[in-house]
Amino acid sequence: MADPGQGMRVGLFATCVNDLMFPETARAATQLLRRLGCEVVFPPGQTCCGQMMTNTGYFKAALGAVKAYANAFEGCDVVVAPSGSCVASVRHQHAMLARGGGSAKLVDRVETAAAKTYDITEFLVDRLGVTDVGAFFPHRVTYHPSCHSARLARLGERPYQLLRAVRGLELLDLPDAEQCCGFGGTFSVKNPDVSVALAADKAANVVATGAEYVVAPDNACLMNIGGVLTRGRAAVKPIHLVEILAQTEEDHR
Amino acid sequence: MSAIAPPFPEAARKQLANPQLRANLRRATSTIKAKRALRQAEMADWEELRAAAAAIKDRMISQMDVYLEQAEAALTRAGAQVHWARDADEANSVVTALVQATGATEVVKVKSMLTQEIGLNDALRRAGIAPFETDLAELIVQLGHDTPSHILVPAIHRNRAEVREIFLAEMGLVGRPAPPDLSSDPNDLAAAARAHLREKFLRAKVGISGGNFLIAETGTLVVVESEGNGRMCLTLPETLISVVGIEKVLPTFQDLEVFMQLLPRSSTGERMNPYTSMWSGVTPGDGPSNVHVVLVAGGRLKALAEPAARPMLRCIRCSACMNTCPVYQKVGGHAYGSVYPGPIGIVLTPQFRGLDTPLDRSLPFACTLCAACADVCPVKIPLPDLIVRQRHKVAVAKTADLRPHLEVLAMAGAGWLFRRGWRLALAGWALSVVGRLRGARGAIGPLPWPMSRWTRARDLPAPPRQSFRAWWRRGSR
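Chains as they are written, first to last, in my numbering: chain A, 3 to 255; chain B, 30 to 506.
Quick caveat, the hints were computed from the structure, so don't treat them as lab data. Treat each hint with caution, since some may be false.
Examples of chain B residues toward chain A, derived with CB under 8 Å [stated by the list, open to error]: (1) C396; (2) G444; (3) R448; (4) W500.
We put the CB at the ideal spot given by N, CA and C, even for glycine.
Please model the entire structure based on the sequences and the hints provided.
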């Protein structure tokens, strides 16, 4: 396979959830990008997109993360994250937060950072021009598009294109796929009853597909859906999209 | 109502425990949601229509004073009397006085959100005037001593067996009774309602309506409905009093072409609604001879005062946002403790009422920020952004409270943590210690409060043995 990423230097934004709780996703993103020829850097000053604070209304508390993001990725040409939700927050909320609590210079800097930020599916399909990343995953999977990835980052068909090109993979339609899983950040603990009711619907739909894995472009949704699945002793396993894309036939030998 | 109403999470839990309600809601919202999507899909210029609607409304909002005065002049020229009301109390006393001046002791009502918002029915009853709702679903709600749970289909929480019981028990107390052998067949139920209402229409001296649109250049009021009961109220009585929010004004008659394409498709999923009534003042020998228009400001001034909040005034009350809202679909309208439930409700209600009660403070959080509402809104209200703004106001209020809130401390702590990369490295190390102590990775089951809010019905993944950044530091392989 050619190296579509040859000569590209990519800043990896791991996101706090992946860094702390799902390192295998950020590792998979690293391996995948390297396999495609990219040079991957991980600026250690990065922290989080800040949306947990932003979306709970604590704009001032989010500002530190916003500044850390702009600082950390200053030297990168592109920033890639395995999360449409965090990417959407960088794009749609950082400038608003900077306007509210920073200087005009900060607004400028966060806008520059936001303009070069991509979800990994966008980076692969739009920047590298690949949908077949040479992945192999011989399993039945179903895809949950994740609200922020679908409706805020507008990933559109990209995740499906990438999944359909994976050798051995059977993609099963998820009923009511576009429906929210009920996570909603702090909504999950502020309104746990509604959150669980929605997650239970999503989990039931996932189970009904007969898939072995439920795939999403965001681990936060998978944590919620997976939490209901394991509590109900369902056999379906949650997996981040990028972890599928990172696996090759060699890994399965 | 709001002073004693429980905060949303508590009210929602009660609604969730009602399987009949959940089944009714699921059936009703999924049907209407699918119909709306179908009607949108057949419109090649849907996005242009939405953009036009948003632009027209924004033009109106930015020069509302000009258009309102234009509307007043046109209405007056056409023989209508215009009254201005700063708030709910003023509006209620104006309407009550107008009804009393006619000597009538009962009124028939067209379905109207604004008259519910200002509590007009209660005000009329206190003055000894009986208000009769004539929209079929509003009739069900009124006869059932209930409150609406949806702005368009207010009895969405009732099924036909329940409607039959309400009709049998209540119709006779306020007018023509339902036939004793009434079945729960929709045709029979509609026939009973028709007979009951017909008596009221023919007797009524005063009709009260809201208004979907008020055209500034012509002074034309527009009421959009499905049943024709509104048309009866608008044409049969001698006196017609229309209570209209100031944000309902539209600059020109031609603007209607945009909204008449968007509104029926967005609300009921129809290409065209069955009855659209338009009138400009008085026409001698045709319809009401006394026409009054009460323009109500209410909480709208509070939205106008904040430029970032103004887009909420674009709302045409179509209800597409609530039909598509996953939270609304689960709990219905009652949990919101407001006449405006769902995504637009949790933006409008705190703006109009303020954030003083636990309920009103909880409303902006009755949302997963899934953004489905923003995609269906025909006037492109950026609902998720407005919801986050309302949350910000709640956060500011909680931070200023003398009583410390756990949430304020947690968010300040998170803010500190996420300011520097090394702090996250430290947190990652701490979590990895937990991960190593636990040994094998696997799900974590029930935990004590506050973690129980997550783990009561869901597992939590165990922390990993190594954070990503620790792996990276060790050579990333």
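Hint by hint, which ones does this structure get wrong, listed from lowest number up?
-> Violated hints: none; all satisfied.
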